[in-house]
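Participant: Okay, here's what each chain looks like letter by letter:
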Amino acid sequence: MDDYVIEMLNIIKEFPGVIANDDITLQLKRGEIHALLGENGAGKSTLMSILFGLYQPDKGIIKKDGKEVNISDPNVANALGIGMVHQHFKLVHNFTVLQNIILGVETTKNGFLRMEEAREKVIALSEKYGLAVDPDAIVEDITVGMQQRVEILKMLYRENEILIFDEPTAVLTPQEIEELIKIMKDLAKEGKSILFITHKLNEIKAVADRCTVLRKGKRVATIDVASTSKEEMSEMMVGRKVEFAVEKAHIEPGEPVLEVRNLTVEDKQSGKKTVKDVSFTVRKGEIVCIAGIDGNGQSELVYAITGLLPADDGQIFINGMDVTNLSIRKRNAAGMSHIPEDRHKHGLVLDYTLEENLVLKCYYTPIFQKNGFLKFQKINEYANCLIEKYDIRSGQGAKSIVRSMSGGNQQKAIVAREIDLGPEILIAVQPTRGLDVGAIEYIHKQLVVQRDAGKAILLVSLELEEVMNISDRILVIYEGEIVGELDPKTTTLKELGLYMAGGKRDERSEAV
Amino acid sequence: MIAVLRKLLNIRGFNNATSSIVAILAGLLFGFIVLLISNPSQAADGFVIILKGGFSTGAKGMGQVMYFATPLILTGLSVGFAFKTGLFNIGASGQFIMGAFAAVYIGVKWTFIPAPFHWMVALLAATLVGALWALIPGLLKAYLNVHEVISTIMMNYIGMYLANYLVKTTVYDSKKALSMSVAESAVLPKAGLDKIFYNTMGSSGAVDVSTVNCGFYIAIVMAIIIYIVLNKTTFGYELKACGFNRDASKYAGINEKRSIVLSMVIAGALAGLGGGLLYLSGASGRHIKPVDVLAPEGFNGIPVALLGLSNPIGIIFSAIFISYITLGGNYLQTLDFVPEIIDIIIACIIYFSAFALIFRNILPALLKWRLSVAEKKRSQSSDSDEEGLATETEEGKE
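For the protein sequence lines, the chains are A and B, in the order given. Its first residue numbered 1, the first sequence is counted upward by one per residue in the working numbering. Its first residue numbered 1001, the second sequence is counted upward by one per residue in the working numbering.
It is possible that some hints are incorrect.
With a straight-line cut-off of 30 angstroms between C-alpha atoms, the simulated DSS-like cross-links for lysine-lysine are [unchecked claim]: (1) A:K370 - B:K1250; (2) A:K64 - A:K248; (3) A:K389 - A:K345; (4) A:K375 - B:K1250; (5) B:K1257 - A:K399; (6) A:K399 - B:K1232; (7) B:K1250 - A:K272; (8) A:K389 - B:K1250; (9) B:K1250 - A:K345; (10) A:K248 - A:K218.
Rather than coming from a laboratory, the hints here were simulated on the basis of the structure.
Work out the full structure: start from the sequences and follow the hints.
Facilitator: Next up, the structure:
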């Protein structure tokens, strides 16, 4: 008989308007890494929240070591040895690493903290598992990767046996992902059992022993990872065949749509130039990609083009019209769409309904208002049309509060809104961040369709595969400067990487 | 039964109304405890007087409830409107008193304006001055990111002292230590309300008419207008979007600075109008008393808005309730309650009532939890006794 440390049997959980988990069974063996794979909104997070005591299942039982348990809140989960690293970390930003780790389980004597014991234990743990952290660093000063290690140490400090990782790689750089995979393997070797939520197939292949696939709240299968191909897994997850490579025909680019000339942006606080004398052109029918490592001026460049930040020097033209000093509304009217980098900060009004968000950029047009009064009927019809066309899933359809929707569907809503505006120039910043393969495939196809329809597209991406796959031209940005222009057909990933790391640059002074 | 309850719990309006009512009940209970502590022998009688509120003195009493509710509706709208658009307007007090002064000044001095227009001009001035008083915090917030709570509190004190100074130097009746009564032509018309809300005195047939006037109608019309602006117009859509997420509004091309300023200005205009409506009420109405106290109507706008959950229509009812309970408190003086204690009791009821928002969050969760426990118990008992279940369902079918 198999040695199951956790069994979740026939779990059913319903939310208003949606069955998040429909009769799901998940069995975790001792010492295994078990991946949980599914599209956005497939019910992965709900299932893990039930295991961690954040939700109560409507039906079904949970067994720990073969005994039925009732996990009524996270403290109970903790007592049972279940720990969780959330997608968005739960750390106190102005506390030190050490303070964060011991928070809630402080060692005290007569009401006074005794940090020395805790410090020794933390250092011992971090050495044992290769989790390098500085115990006295303030959390807000350390990298995201290190913050994640703090979260893992928190679980180990509490001597948790079952570790849940909720999309741990979504926020990490490729190097950090490699490190994390090594750490997870070490943990499993030490006898910890790991549940790993993700929708990245490469990572499952690299780290997991078994994988349970969920689709639309139901369990599709539990498979052995080694004997299943990536294609098979993605088909199970999406319910149809997925094409990883984007097919696109060659078309000759037309007239220039977006022209950026000698654009410079200064950081107001430090006075440092975040964008230095950048010039480029995006023409009709081409996808131009700005590639670079995060923090090399991509965000500021896009903010300046879209009007969220003022340009300190240089000019921006859309279809030959100088928009450098125009308002955002006027730039939009000139044919600019923008899928922003930060969907919660810029992309959505989270407390508005889905339909209100879908008209965020066109509510003032005569289609949706008359004499200042909104036409709710028209807004609803339009929203339902987009919801169907772009397959945006939510609990209560157009009336759902966006905050309650899954991240992937929030992103789809933004993509739907921006593409449907019918822009001349579409500026897409990491449009597939946090999405599953099915949705990524869909968005990539949409971008290509737009390109084929003669639109100009400026794509900013950190994912090298995405850059190589769908762009027609690649501009590499390094420390605020365009250091090279590459053709994805003739360049290699290695060469692109060299440019991005600042190890190589074109001799030309200007990339046009 | 359980199914019906479940359905009701998913309706927002139902949750909102119940939470306000529960909050009121909690406030009343707490008020009763204070009554018991301060004067045990008369607590029960006192509580009845509070509950009878405006009804204690017949039709005129009801009229007085409406008269005192009028400024509360406006200040409640002021706070509620700002809140819906993401701003905390703590400055209703200053906006209110500045508006009040402007109305009284014009009511007393500008007698050259022909009769039907005099009170209208005075009200308009009150609205404008209130708006002006909120414009400053609005500009500070939009352009310099100065938090509106701080700047509106400061503006309260500036407004209070300035109004006191101006009243004393321009429209002061030193015998009564109050502002002068406004000219007859500046008093708001009764609009038929005097035919409903009056008491007959003794056998002589003389009537004692309530102070209520068409200001009450104006307040209700304003609430409806604010409701429409917030919920039906592109303008309201923009203001609320800025309140929820300033960055996303900017991204969408909304002029977010302008929206913030306009939100504050409208909130101020409402509070200023409230000041005008209260004080343009003839000799029997209220007069500005130039003492160093911030206008309570302004602050009471906060619990009014909270109890009404910032819904303009809800605010009408919560303002009437608070006015009703305050008047009831005044009648407590017929028993042996010291005025200070009365103030404390009324304040307790009002501020407890302002917990409506908390109840809205707790109540549905609590009820749902109870329901699920009840269901679990049922299913457990039926599991253990399958025969019993069989007979039960049989009976159920019949």
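Participant: Work down the list of hints and note, for each, if the structure agrees.
Facilitator: We went through each hint and held it up to the structure:
Taken as a hint, the A:K370 and B:K1250 pair is honoured in the structure, with Cα atoms around 23 angstroms apart against an allowance of 30 angstroms. Pair hint A:K64 plus A:K248 does not hold up; C-alpha atoms about 51 angstroms apart against a cutoff of 30 angstroms. Between A:K389 and A:K345 the alpha-carbon distance is near 25 angstroms, which keeps this suggested pair within the 30 angstroms criterion. Distance hint between A:K375 and B:K1250 is fulfilled; the C-alpha atoms sit about 23 angstroms from each other, no more than 30 angstroms.
For the hint linking B:K1257 to A:K399, the alpha-carbon distance of about 28 angstroms falls within 30 angstroms, and the restraint holds. The hinted pair formed by A:K399 and B:K1232 meets the criterion: a straight-line CA distance of about 16 angstroms does not exceed 30 angstroms. Between B:K1250 and A:K272 the alpha-carbon distance is near 25 angstroms, which keeps this suggested pair within the 30 angstroms criterion. Proximity of A:K389 to B:K1250 is assessed by CA-CA distance (about 27 angstroms); at most 30 angstroms being required, the pair is judged to hold.
Of the supplied pair hints, the one linking B:K1250 and A:K345 holds, its CA atoms being roughly 10 angstroms apart against a limit of 30 angstroms. Taking the CA atoms of A:K248 and A:K218, the gap is near 34 angstroms; set against the 30 angstroms cutoff, the hint is violated.
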